[in-house]
Amino acid sequence: MKKLTYFPGCSAHGTSEEFDHTLKLVMKTLDVEMEEIPDWNCCGATSAHVMTENLAYALPLRNLVLAEKFTGNIMGIACASCYSRMKTTKVHMDENPELAKKINSTIIQEGNYTGRVEVKSMLQYCYEDIGLETIKSKVTKSLAGLKVACYYGCLLTRPKGITKFDSPEYPVSMDQIMEALGAEAVEFDFKTECCGASFSISDTEIVESLTGKILEVAKESGAHLIVVACPLCQSNLDMRQPDIEKHQGKSFRLPVMYLTQLMALAFGYPESDMRLKKHIVPVEEALSNIGKIQEPPPKVTKTKKAVSAESEVE
Amino acid sequence: MDYTKQIQEIASKLFAEEKIDIFIGYRQNAFDDNQVPILVTVPADVPNLIFTDKSVLNLTNYLKFEHTRNKRVGIVVKGCDSRALNMLLTESQVKRENLYVIGINCTGVLNEKGEKAQNCLECVMPDAVVYDEMIGTPSGKKEYSVNVDVKELAAKGLVERGEYFQEIFENCIRCNACRHSCPLCYCTKCCIDQESAVLYNGSNTPSSAFHALMTWSLHLAGRCVDCRNCEKACPSHLPLHLLHKQNEMVIYENFQQHLAGMEKDDRGAFYKYSMKDPDDFIM
Amino acid sequence: MARVGVFTCFCGANIADFVDVPRVVEETRKIREVRCSIEYKYMCSDPGQQMIRDAIVQQRLTSVVVAACSPRMHEKTFRKALSDAGMNPYLLEVANIREHSSWVHQKDKKAATDKAIDLIRMAVAKSIANEQLYEISVPVTKRALVIGGGIAGIQAALDIADARIPVTLVEKSPSIGGRMAQLDETFPTLDCSQCILTPKMVDVASHPYIELIPYSEVIELDGFVGNYKAKIRKKASYVNFANCTGCGACWQKCPVKVPNEYNMNIDKRKAIYTPFPQAVPNKPVIDAAHCTMLLKGKCGICAKVCEKGAIDFKMQDEIIEREIGAVVVATGYDLWDPKPYEEYGVGRYKDIITSLEFERMVSANGPTGGVPQRPSDGKVPKTVVFIKCIGSRDEAKGIEYCSKICCMYTAKHAILLHHKVHDSHAYIFYMDIRAAGKGYEEFVKKAQVDTAATYLRGRVSKIYKKGDKLMVRGEDAQIGQLVEVEADLVVLATAIIAPKDNPNLARLLGISYDKYGYLSEAHPKLRPVETAKAGIFLAGCTQAPKDIPDTVAQASACAAKVCGLFSGDTMKKDPMVSKVNTEFCSGCQNCVTVCPYGAIVTEEIPMGHGSKEMRVVSKVNEGVCQGCGSCVAICRSMAINLSGFTDPQIINEIVAI
Amino acid sequence: MLTLGLEEKNTFLEAINKKSGANVLECYQCGKCASTCPVSDFMEFRPRVIMQMIKLGMKEEVCMTDSIWFCLTCSACSGRCPREIDIPAVMEAIRHLTIEENYHPKSKKVKDIRKFHEIFLDMIKRYGRNYELRMMAEFNIRTRNLFKDMHLAPKALLKGKIPLGHESTKSAKAIRKMYEMAEKLEKSK
Amino acid sequence: METEVKETKGQVVSAENPGIVAPADWQPVIMGILCNWCSYAGSDLTGTSRIQYPPNIRIIRVPCSSRVDPWFIIKSLQTSADGVLISGCHPGDCHYISGNYYARRRFLVTKKLLNFVGYHENRIQFSWVSAAEGPKFAKVVAKVTEDIKKLGPLHKYKKENLK
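Residue numbers (the working numbering), protein chains in the order written: chain H, 302 to 615; chain U, 25 to 307; chain V, 3 to 659; chain S, 222 to 410; chain R, 640 to 802.
These are calculated hints, taken from the structure and not from any lab test. This one's a predicted model, so the numbers in the text were calculated from it and none came from an experiment. Please note that a few of the clues may not be correct.
[What the hints assert, rightly or not] The list that follows gives simulated cross-link-like pairs (lysine to aspartate or glutamate, EDC-like), each with its CA atoms no further than 20 Å apart:
{"id": "1", "chain 1": "H", "residue 1": "514", "chain 2": "V", "residue 2": "516"}
{"id": "2", "chain 1": "V", "residue 1": "341", "chain 2": "H", "residue 2": "488"}
{"id": "3", "chain 1": "S", "residue 1": "240", "chain 2": "H", "residue 2": "399"}
{"id": "4", "chain 1": "V", "residue 1": "614", "chain 2": "U", "residue 2": "304"}
{"id": "5", "chain 1": "R", "residue 1": "751", "chain 2": "U", "residue 2": "90"}
{"id": "6", "chain 1": "H", "residue 1": "465", "chain 2": "S", "residue 2": "307"}
{"id": "7", "chain 1": "U", "residue 1": "180", "chain 2": "R", "residue 2": "760"}
{"id": "8", "chain 1": "H", "residue 1": "465", "chain 2": "S", "residue 2": "305"}
{"id": "9", "chain 1": "U", "residue 1": "296", "chain 2": "R", "residue 2": "732"}
{"id": "10", "chain 1": "R", "residue 1": "751", "chain 2": "U", "residue 2": "173"}
{"id": "11", "chain 1": "U", "residue 1": "296", "chain 2": "V", "residue 2": "516"}
{"id": "12", "chain 1": "S", "residue 1": "239", "chain 2": "H", "residue 2": "488"}
Here chain H stands alone, though its shape is the one from the complex:
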């Protein structure tokens, strides 16, 4: 049994409760014991670092210090935004011990920061620490027939120097997990385009424009639904979809599901555990594709040279 120190983030206890819930189910199946940091605080998300420097480090650092009190060596973070803040803080603190000391002084009553605990997003944890083989082995209900567009958003793989995970432009980790579950991950160009998360309340116009473009390309790619691993992406793409359809005069009807929801589904949990009712865009129609194996389209070759490099004999 692996141990994982868990940081849910504000959304997991709010808007993305279904993410939190399914994540716990999935981790149970995967034999991971999640220990939630009991007294965690908000990471400050974008606001803190937009406005001030020290607070932007102090808020995540408190959580990092708290996480060191657990035995687990990895801190798994559900929310991409929290992950980004936490990881950035960790990298900067580890690079600059003097700064770490300075920031640590603001939360000294919680203890001293040592840098022992690794910070990972749940996607990264599933991909690197659990592995595709294990995930594959737990699948009881294949998602074959389902076409998904994997949307990573900006913060899971960027900036490259901080996350050191997957490609910042065309990541494939989530696609591979989806394929391990039996689903087909479509080629999708807007995997890491920003959805405008931090403006979701303050400037809806921008968010609608950005999100609209993502939905448009996802629809074009032929996916039945979009998979995400970030609560902010989910709420932006899902909750605002009807508005965008109205304002832009288009119809998408693209449900947006969490990675863990689909994992739970493939691991055999009943649909009722998915909390599907929480979705603004209904998911049932998309999920009905599971099991309907269509005639496979002519296999699109990934690279041109891959074919031609092989010699052939007439």
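Using the hints, position chains U, V, S and R against chain H.
Frame of chain H, contents of chains U, V, S and R only:
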């Protein structure tokens, strides 16, 4: 630290297997408490070998003399000695295949007062870096620290420092014992004995001592391994390590933390360069 | 006892106005070793030189000091005067009392005079330690080795051979021609590459002074300038060229298809092949990595159809040795692989191609018959986006430097596209248009005006697919707006990079290369053709990205250098080189480490007179030594000294005042 | 018209470089950031232009523009920048400078964005965590835009997307102390 | 740690030997060792451009700054020189590819060592002067001369028995 028994065993075995012609080790001095080097050529002399924390001298010095040239030699080296041996190997002065090296993972030797010697307190590499056989448990590389005497002296004023060294150069009798005792001073003819140097240098004067010691320490800069054979040999008891440690400090701090003899094929700080070397002292 | 003559020049008024020359003469006459001290208005003039010559003879001088202008100015003149008088020219010393005294201390005549006297004192002291030196002559093997058979190697080989100097031209691939043979038309004149290149290729093959060794590599180079020994490995071609007539029956019948490198893998060739129809030599070779006969022992159809019995499956690699005097390296360039541009979907979208792929497509002898096609569906593209600086000027993904030719060939591609597909439109994303060269700016204008290519200033940030189109997104900084182009085809102007093998080759030749892998020239401005190692020269892109005219110019420059080197039976060289006193050398080999030219080697000498024991000492190769003195300063036992600047000479100077 | 050459030293450039750790001088105006930036279309000055303005020392214009407040810190630009300039850090440095030196862009949008961030931080100060419904309500009240997104609220509530209750960390005290200390650090600079 | 250079009226006090004073019009001797390809050419350019500089420097030509043995510095200071200036090509411009990089290392260690045993830092100075930097050469010489004038005469370890 007493490895007398192990060393005697290894030496007897080497002689028995005819792997060596000479074994260089330490023996007890008949007159006082100190140890002196011994070149064992017959197995019968093996019981004279000894190794304790009074085994101070750097034996690699004896590799540069005719006695050992082109012979198969067994030798005992401590951490610092092994770094000197590394330098000699790099500079093609000895052939590795001619040597059987017993590396000591040293815990420090004692000075005349019976305390741990200063260079051992500041030692960066107590473990032998070259060896065929190892005695003792390795304790790993230590943190580099600036020599306390150098630090103390550097904190003094220029004039005071000048006067301090003036005394040193006045007390030097130009006997060249330092040079002879240094394992890395193996030149066929030393530069300060060369015609053009002698011509303008005179003999036993502070200025000639200044010239000789400056040149000598610069020739050892980036190569000196701080074994302090020179200091032990000096009849005037001059603190010669000051010059070497000063150079070592400058080199360590400015040239990628370079320390002499740590790796094979490292010829010393003056025989390589980096684009990032300090340039701010140059106009 | 040394007998020194001092000759002080007035240099008209240049020295005399600010230095009290009579006092200088008077003072210098008092120096112990000085036999005569003479002044004259212009020492460098013929009467002046005559005074020196006379004094040498009359006073039986052992060395001469001329106090005049900088030695960089007239040292050679006065050396000649010495040798005319029968004296070794290297017994001369020049005291620079003009540039270093009279011209820079014009307000204080006394100080300037004092300084002049001191400078002469130093020169006198130095001259006493001067030794007789003799020009070094190094024998020369008059044969050049040219590595690489692209346009640079071809040009260099032809120019050298035309001077009746034998050349060995080594080419890695089965045919010479290189990158230029892959091009369709060349900027800025749009003449057909094949038309101007193939005659030269044929010339190489038929030239009596050129030995062409194709399908081979240099594997060893020993020796020094004028006296190199090269080992060349001739790869097994499995075709006996002597018997082969080049009829082509073998490759027509060969059943194995392999991606065609010449056509950038767009189509296929056979396992036995000639790279292209105009290849020189026009003989096929068997690709051992793909031939089923060689791999599995089955097939052998080519051998069956060959009437001449030229196919030999048992052929082995052959080692050829040549003695040569000079080397011209012309290994050309590689193209940068644009894979890191993930935001463009490189590797995922078939309709993104590189510029050389495009070049092959528009080539009349190319795989698509000269009309560009979309690799995805074979349709002729109407809207083509060209993106410049792919990998170039991009520290993050590629390399820092500018590849120099992309601006021009992209303009050419826009023009060629317009020629081949009349109703097409080219959009070119660029950062800067670099068109410095004869007729280049006019050529770009042609692309902009005649073919109406749209130039957009900005780097493309993303390419994504929409239907069967590629959406190319960028900013046109000139209007300050974001633009998206719906493209049928995207062509990436990929950077030029140094051949992958260059570092290996450099190590093998003993020359240096830069951080990108380009071979380093001896001086970036004044010696762009030579390497730091005497007798090895660079031509073309192996030194830095270049276009064809520059490459050809550099190749011809190489040829001139080689011909200069071979102009006599021996080479003359300045005697200011290092010398080892083996008596003192302790063999630590530190000098070998610091020598930038690899001029110092080791040798074994007896331990003593008649001794059988040997010891290792250093030895300077006078032909290679350039006289920097690095070795002298690091030699602790002072066993190595630099003629002309020996320790005694410099110490004499120091203690003279 | 912009007249150059009046100032001897570009102190603005120096300040931004120091604050951000990036070197704005490295920018060679390729414009990849401008077309990469997802909010480019909403900006008065795109990142490329901002970089040039910093180089020209146009402090007033840069500090007063809305554009710097639209940056989402999504790092897409820096990921694609051929010279690897940390553009988000530059944007952040400018924002911190405007706050420190009391620049107040006039547009309502920026005021909203800044208000949002202030409310957000205030929320954390009070509860240690973010409470979304309250956050939205407070934002709408403080920006006097009572009915924004109101049509979403019932749906979201009904679907259980936004819970009514809220939780806070037990050690809100510790958080408040952290705020004070951080503020002190900020001032001590 | 350097001792303060003493300001005195009408006299120059030696920085190393405060007991030794010289008259105010005392002129130091500076030994200049210049590499042939950059600094010597640069000093020639100073001449051809008629840029004036103090006459205290005596110039020795060597092929490359890497030819400079620390011995030359020591010897200069032991004989008549009150200070030494060594000048070579800028890093990367060395006519002999890498000579000045090796030299740079030796210079730093030599300078620090001499300072350690009691020479003022400013007695041993280095510069990179290219063949085009005539004005720079004049500036460098002026600065070195001024520095050394402040330090006063050098009497340490001078040759007792020669000249």
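Cross-check of the supplied hints:
Pair hint residue 514 of chain H plus residue 516 of chain V does not hold up; C-alpha atoms about 45 Å apart against a cutoff of 20 Å. With a CA separation close to 17 Å, the supplied pair residue 341 of chain V and residue 488 of chain H stays within the 20 Å bound. Between residue 240 of chain S and residue 399 of chain H the alpha-carbon distance is near 16 Å, which keeps this suggested pair within the 20 Å criterion. As the CA atoms of residue 614 of chain V and residue 304 of chain U are separated by approximately 53 Å, the hinted pair breaks the 20 Å bound.
Restraint check for residue 751 of chain R and residue 90 of chain U: not satisfied, since their Cα atoms lie roughly 37 Å apart, outside the 20 Å limit. Distance restraint check for residue 465 of chain H and residue 307 of chain S: the Cα-Cα separation of roughly 16 Å lies within the 20 Å cut-off, and the hinted pair is therefore satisfied. Pair hint residue 180 of chain U plus residue 760 of chain R holds up; C-alpha atoms about 15 Å apart against a cutoff of 20 Å. Annotation: proposed proximity of residue 465 of chain H to residue 305 of chain S holds, straight-line Cα distance about 16 Å (limit 20 Å).
With a C-alpha separation of about 17 Å, the suggested pairing of residue 296 of chain U with residue 732 of chain R holds against the 20 Å cut-off. Restraint check: the Cα-Cα separation between residue 751 of chain R and residue 173 of chain U comes to about 16 Å, which is no more than 20 Å; the hinted pair holds. Annotation: proposed proximity of residue 296 of chain U to residue 516 of chain V holds, straight-line Cα distance about 18 Å (limit 20 Å). With a C-alpha separation of about 42 Å, the suggested pair residue 239 of chain S and residue 488 of chain H falls outside the 20 Å cut-off, and the hint is violated.
Against the hints set out earlier in the document, violations occur for numbers 1, 4, 5 and 12.
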